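Listed in order, the protein sequences are those of chains A and B.
Using numbering that gives the first Met the number 0, you'd call the opening residue of the first sequence number 0 and step up by one each time.
Using numbering that gives the first Met the number 0, you'd call the opening residue of the second sequence number 0 and step up by one each time.
Be careful, since some hints might not be right.
To be verified - PhoX-like cross-link-like pairs, simulated, lysine-lysine; straight-line CA separation at most 20 Å: (1) B/K125 <-> A/K87; (2) A/K285 <-> A/K33; (3) A/K285 <-> A/K302; (4) B/K125 <-> B/K26; (5) A/K117 <-> A/K193; (6) A/K117 <-> B/K311.
Since the hints were derived computationally from the structure, they do not count as laboratory data.
In this text, all values refer to a predicted model and were calculated from it rather than measured experimentally.
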Amino acid sequence: MTTSQIPVTVLTGYLGAGKTTLLNRILSENHGRKYAVIINEFGEVGIDNEIVVGTDEEIFEMNNGCICCTVRGDLIRTIGGLMKRAGKLDGIIVETTGLADPAPVAQTFFTDDEVRAKTKLDAVVTLVDAKHFPLRLEDSREAEDQVAFADVILLNKTDLVTPEELRKVEARIRQINPYATIHRTAKSAVDIAKVLDKGAFDLQRILELDPHFLEGGHHHHHHDHDAATCTDPTHDHSHDHHHHDHDHDHDHDHHDHGAVNPKHADDIFSVSATVEGHVDPDKFQKWISDTLRDQGQNILRSKGILSVEGAVQRYVFQAVHMIADSSWGQKWRDGEKRISKIVFIGRHLDAAALRGGFEACRA
Amino acid sequence: MSTPEVKQPRVRTHALGAYIAGVGFTKDGETLAAATGAGEIHLRSVAGEDAKVVKAHAGAVLSFVPHPDGVSFLSGGDDGRLVRTTAAGETEELFRQQGRWIEALAAHPAGPFACAVGKELRVWAKGAAAPVATPAHPSTVAALDFSPDGSRVTAAHYGGVSVWQVAKPGDRPRTLVWKGSHVQVRYSPNGRFIATTTQDNAIHVWRLSSGQDMQMAGYRTKVRQLVWTADSRWLLSDAADCFVAWDFSGKGPEGQPPLEFGFGDGAVMTGIACHPASPFLVGGFENGGVRLGDLDGKRELVLHEAPVEDGKPVRAVAFSSDGWCVAAGAEDGTLLTFDLKTS
Chain A
0 MTTSQIPVTV LTGYLGAGKT TLLNRILSEN HGRKYAVIIN EFGEVGIDNE IVVGTDEEIF
60 EMNNGCICCT VRGDLIRTIG GLMKRAGKLD GIIVETTGLA DPAPVAQTFF TDDEVRAKTK
120 LDAVVTLVDA KHFPLRLEDS REAEDQVAFA DVILLNKTDL VTPEELRKVE ARIRQINPYA
180 TIHRTAKSAV DIAKVLDKGA FDLQRILELD PHFLEGGHHH HHHDHDAATC TDPTHDHSHD
240 HHHHDHDHDH DHDHHDHGAV NPKHADDIFS VSATVEGHVD PDKFQKWISD TLRDQGQNIL
300 RSKGILSVEG AVQRYVFQAV HMIADSSWGQ KWRDGEKRIS KIVFIGRHLD AAALRGGFEA
360 CRA
Chain B
0 MSTPEVKQPR VRTHALGAYI AGVGFTKDGE TLAAATGAGE IHLRSVAGED AKVVKAHAGA
60 VLSFVPHPDG VSFLSGGDDG RLVRTTAAGE TEELFRQQGR WIEALAAHPA GPFACAVGKE
120 LRVWAKGAAA PVATPAHPST VAALDFSPDG SRVTAAHYGG VSVWQVAKPG DRPRTLVWKG
180 SHVQVRYSPN GRFIATTTQD NAIHVWRLSS GQDMQMAGYR TKVRQLVWTA DSRWLLSDAA
240 DCFVAWDFSG KGPEGQPPLE FGFGDGAVMT GIACHPASPF LVGGFENGGV RLGDLDGKRE
300 LVLHEAPVED GKPVRAVAFS SDGWCVAAGA EDGTLLTFDL KTS
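Take the sequences, apply the hints, and build the full model.
Right, dumping it as structure tokens:
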């Protein structure tokens, strides 16, 4: 049932960040592809010949005892309905309301059997208003969640801020989520290939968990001189940003990313842990299950690439809160240095405990 | 009405080219209709070769039931329209709300019918030209069913069901509460129970006299279709790899395991219908297979072998009102008809 799963892009962003403008761009561009768009705020997207469905966001907890297994009932129904339509769909775009927590949307694609059989979550794309994001962070938890969840961030309305403001807001985004790809945009103008069909949740396509791996070449590295920056001493180096080419022999030596020190106790930050060499898959399974069970409410997303002794493939893992997914991924290249790495993005994370726990999974 | 002999029936196969969202028969059993994801209603003579295709909707048909008049059909689409199509192929738009999907639809043989429009219902009393709206439910309505006497219509939604009076759709409904997303609803033919299916792979049942409820779990996947036998003794559903029947005779199914029979090839059932008078069932499966189940004999008969490869789930199954003909429609547009009389 994996042959023709339709990719689903989740489009989030605070009110006024430019979601509708982006949607209208995607739908009006002459790409020859057929998309269905599921929206919550009706009436703003108006493109003929496209399938635009209005739904009422209906979030509920599954009755499975897991308090963070919240899903979107309306999405389950709507996707069931879309699957009845004659003719092939190239993709589905789910626009969330400005105040939405992206987790229930993402979890829907891992929880419902029919939705899983017919569709696959492709990426969470978050629009950020460069001008108002700092304010949003002060007054809403959702704005921060949306950035933390993102695989792709469109840092939008860059024409409305000074270079200094832009640099600061980008640094703040990186603090929350060092792993997302950031594209700077004005008026939501972006090549749709940078937004759709990213395969961010495709375990087969996860090759690296380097904070810079996915970045485009235009990104400027810098250190903010604020205390609250990434403590990784290697971040300042000028990488060549060609890591997409995995035949090319790159040399990573960020052994131990530090956790970002949050400004506020509630701030989202990331923790990564690295083990040189193999981990024991049984120990890891036990540890990650326990960790997600106990801390899954605070861990928004996690991803891991593990080296297992005797295995030629990477063992890849990802989770949205407590919902985890793992499989054998891409092969290690001959002579490639075996490194196991895991990253967490969340709140109230105990970096030392997470690293210690991962270290203890060493084979 | 007599019980069909369990012999190998005559099978006819048609390719309709799009997802079959619903199948049904006219009351006289002479016309079979199938509604598709291409917005078409395919009308076929059960005995002969006459066939007609009517384009009733711009997009997909999402819901489909025989009209109470017995000579036409009701279809709800993702074009926001509710359409009546006669056996002769004439269509009439009964309702339209731009931008909404008509996903939940029910009709009662005595005359009333109703559809859901988002969180509200539109209820047509017997013979009424125009519908009456109910107040909004707390969430979108996923399914509807009429009480056996046709006086009530029940809506399944998040958190339970709401039971409305057909004669007074504005009055406060009776609510039966159970946390969870309810996706299907079916009254028992004796009117004593309301059964729903829920998102978490379970069935929930309320006893209407007392409001007491019970939960049946353990299904492989989400339960989407429910049927009661005509005598109200057995409740069956899809979502298992066999026929699973809960016994509501005596004290009911609480504390009792269900009757399970007809373990076939391991495929999960995706569509089910019950004979209008006898304890015979037809199950359609995820691999395209169709099997007849005999509750009394606890045995099954393969009506249609699943294709060796690429069989697609059977989503819609129906018996003709005399019980002699069965139709099964699959996701890939395969329409199968079984004549149980000939063998």
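- Message: Does A/K87 sit within 20 Å of B/K125, going by the straight-line distance between their CA atoms?
- Response: Distance of about 40 Å is beyond 20 Å: violated.
- Given pair status - A/K33, A/K285, alpha carbons within 20 Å: Status violated; Cα separation ~43 Å.
- Taking 20 Å as the top limit, are the C-alpha atoms of A/K285 and A/K302 close enough? 16 Å, holds
- Compare the distance between the alpha carbons of A/K117 and A/K193 with 20 Å, and conclude whether the hinted pair is satisfied. Measuring from Cα to Cα gives roughly 23 Å; hence the hint is violated.
- Task: Starting from B/K125, check that the Cα of B/K26 is at most 20 Å away, please.
- Result: Between B/K125 and B/K26 the Cα gap is close to 17 Å, so the pair holds against 20 Å.
- Is A/K117 close enough to B/K311, meaning Cα to Cα at most 20 Å? Distance ~13 Å between A/K117 and B/K311 Cα, so the pair holds.
Checked against the numbered hints above, the structure violates hints 1, 2, 5; every other hint is satisfied.
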